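Full structure from sequences and hints, please.
Going down the list, the sequences are from chains A and B.
In terms of our numbering, the first sequence is residues 1 to 244.
In terms of our numbering, the second sequence is residues 1 to 372.
Hints are not guaranteed to be accurate.
[As the list claims (entries may be wrong)] So the derived label-pair ranges between C-beta atoms look like this:
1) 64(A) x 154(B): 26 to 32 Å
2) 86(B) x 145(A): 15 to 21 Å
3) 75(B) x 131(A): 28 to 34 Å
4) 109(B) x 227(A): 20 to 26 Å
5) 81(A) x 109(B): 35 to 41 Å
6) 270(B) x 64(A): 57 to 63 Å
7) 318(B) x 65(A): 54 to 60 Å
[As the list claims (entries may be wrong)] Sample of chain A residues lacking proximity to chain B, with all beta carbon distances greater than 12 Å (derived):
8) 114
9) 177
10) 215
[What the hints assert, rightly or not] Non-contacting residues of chain B with respect to chain A, defined by C-beta distances greater than 12 Å in every case (computed):
11) 38
12) 96
13) 187
14) 257
15) 276
16) 284
17) 285
Read the hints as simulated data drawn from the structure, not as lab findings.
This structure is a prediction, so every number in the text was calculated from the model and none was measured.
Cβ atoms here follow ideal geometry from the backbone N, Cα and C, with glycine treated the same way.
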Amino acid sequence: MVVLFSFNAQKSLTVFKGFSLRWYEAFFHDNVLLGSLGMSLEVSLVAMAGSVVLGVALALGLVRNKGRLGTYAGLIMMVPLITPEIVTGVASLLLFKGLGITLNTGTVMIAEITFSISYVTVILRSRVAALNPEVEEAAMDLGATRWQALRLVTLPALLPAILASAVLIFALVFDDFVLAYFTTGVDPQPLAVRIYSAIRFGVEPTINAVGTLMLAGSITLIGLALAIPRLFGRRGGLDLISGE
Amino acid sequence: MTPTAATPAVSADTTDDTVPAVRLDHVSKEFNGSHAVRDLDLEIAPGEFFSLLGPSGCGKTTTLRMIGGFADPTEGAVLLSGEDVTALPPNRRNVNTVFQSYALFDHLSVADNIAFGLKRKGVPKPEIGERVGAMIDLVQLGGMAERKPRTLSGGQRQRVALARALVNRPAVLLLDEPLAALDLKLRRQMQVELKQIQREVGITFVFVTHDQDEALTMSDRVAVMNGGRVEQCGTPEDVYERPESRFVAAFMGTSNLVSGVYRDGAVQLEGGPALPVGPRPGVGEGSVVDLSIRPEKIWLSDFEPGMPVVNGVIRETVYSGPTTTYLIELAPGVTVAALEQNTARARMEDRWEGGETVELGYDPDHCLVLGH
Ligand SMILES: Nc1ncnc2c1ncn2[C@@H]1O[C@H](COP(=O)(O)OP(=O)(O)OP(=O)(O)O)[C@@H](O)[C@H]1O
Ligand SMILES: [Mg+2]
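Pasting the structure below:
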């Protein structure tokens, strides 16, 4: 319905009066919505970069630290995945308020990163565990330092999984409403939040157009995430469900 | 380390023959309180093909990892060409390793795999290309330089692993069961090739295997390990012909073990003959001993003068192509195996059948007498 009526020539949301791109045009002239789009892109990119860097580091640390600390840290990592998002959202809000931090783009980023790290870690962890430890040793045997071995051998081996999780995180954060709703400031607001407020004052066909664009974007990204391991032509690609 | 176009693909850095290429000075390694390697004392000469041989879990890999720098000895010191490297990380030791899993870099081509070590050392680009090319020829991987490791067969991957290590011209090359993953035929072929390559490049090889045939055919010297210790170290002939312990005798091919009482320079079997073995200092009169002798050291005809000869009854005849094995009962419940070559002169009709009584001769020097 949303998709169909986004192409409606008339303002009506019940009668289809012929094909038109006028609502898409309207969207691209709406500065508030464009500002929200910009913010959402910014938040998604930063959250993607931040959570991938931290998540990969964490996954490496967890797999190589087989002690009790590693086990506990591994369990803690699962918590954000099983907590309802609204709980995470409210908790973040209370934390920011408690610390006296004004809600703005930065707080959304921090909240989204915190939330996304778990996904990256869970996806990467099994890939790291499947690596042959002798390969990194071979690099050091051939004169690489520990850091060079990581950079030249381990990270390239993990690259498909890293890219796939990056795309996934981008899509998740971009579409996220709940967490963003609780942690955003007043202006600008992330696109999802803006759409929600707009709907409360009656549905504009412009919103249909935005919704359609977001849907198309998400489908493309998820498809990309699934296709990446295949693009690398590797067996043992990434299964997003089992992470194996 | 100043190679010119005229130098061979690889050459050892150290040519000083007086300083051992590798020296393990009373090295021990404990994991959670249990010893994986115990008080190992070894010297390996430059250019030597040295094998560590032993059953699974005897500490071969652990020993190799301590030489390579991947494991820290709990006690003792590791010296390479006289220099104490115990505290140095792997990238600062002049050794390279061929890992059992090959541990190739899957995202790099064959040529880039081989070039990895040279790039780390900052060798100039044209020289890298030259040395990698020479190495690819040496291990017969021509035409595969741009392939990814995953598209290669097991034998080809093994060669890449070897080339990747050798191209750095290390003083010592460590090889952890490099042929274990290959099928028997390819394995035999690679044994010959590996030995040829080692002769060609003159690098010290420390070769881990649990296959005694492999160790015997390839090595200059073999250390037979058991339970984290070296039981015996010597040339293949030493450890095979003159085993110093029950373990070595049993591990190096089949060996007969018969129990008896040592008295007057002979081992008296219960309810059977006494087997003269000559004077054995260190073996107490009247003590219970095991006598060990290899099946191919037992003669069934054409005895030499002065050789001890005893009687036995053929219990079974096992024909296996080039050889025939007889199971011969010397005393009730005491059976030994004797191996005869089916040479051109040996006629099939002359083979003994079950139930026949035969004479066995042997040289006491081939007997090992082990106290209990
Ligand atoms: N990282 C480790 N932690 C704990 N124990 C270890 C470790 N590595 C080796 N061991 C133990 O040390 C002993 C020797 O192991 P090692 O790998 O050296 O044997 P190996 O001779 O190479 O055997 P294989 O022929 O099976 O490869 C074994 O009992 C093994 O369980
Ligand atoms: Mg081993």
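Here is how each hint holds up against the structure:
Between residue 64(A) and residue 154(B) the CB atoms are about 29 Å apart, so this pair conforms to the stated range of 26 to 32 Å. As the Cβ distance of residue 86(B) to residue 145(A) is approximately 19 Å, the hint placing it in 15 to 21 Å holds. In this structure the supplied range 28 to 34 Å holds for residue 75(B) paired with residue 131(A), their Cβ-Cβ distance being about 32 Å. About 24 Å separates the C-beta atoms of residue 109(B) and residue 227(A), a value consistent with the hinted range of 20 to 26 Å.
Between residue 81(A) and residue 109(B) the beta carbon distance is about 39 Å. The supplied range of 35 to 41 Å therefore holds. In this structure the supplied range 57 to 63 Å holds for residue 270(B) paired with residue 64(A), their Cβ-Cβ distance being about 59 Å. A hinted range of 54 to 60 Å holds for the C-beta pair residue 318(B) and residue 65(A), which are about 56 Å apart. The claim that residue 114(A) is not at the interface with chain B holds, since no C-beta of that chain comes within 12 Å of its own (minimum 31 Å).
Non-interface status of residue 177(A) relative to chain B is upheld: no Cβ of that chain comes within 12 Å, the nearest being about 38 Å off. Consistency note on residue 215(A): stated as away from chain B, and its beta-carbon is indeed over 12 Å from all of that chain's, at 35 Å minimum. Listed as outside the interface, residue 38(B) is consistent with that label: its C-beta sits roughly 24 Å from the nearest C-beta of chain A, beyond the 12 Å cut-off. Not every C-beta of chain A lies more than 12 Å from that of residue 96(B), the closest at about 6 Å, which undercuts listing it as non-interface.
The claim that residue 187(B) lies off the interface holds: its Cβ sits roughly 21 Å from the closest Cβ of chain A, which is beyond the 12 Å cut-off. For residue 257(B), the condition that its CB be more than 12 Å from all CB atoms of chain A holds, with the nearest at approximately 39 Å. Separation of residue 276(B) from chain A is adequate, the least Cβ-Cβ distance of about 53 Å exceeding the 12 Å criterion. At roughly 50 Å, the least C-beta separation between residue 284(B) and chain A is larger than 12 Å, which holds for a residue marked as non-interface.
The claim that residue 285(B) is not at the interface with chain A holds, since no C-beta of that chain comes within 12 Å of its own (minimum 54 Å).
In the structure shown, a violation is registered for the earlier hint numbered 12 alone.
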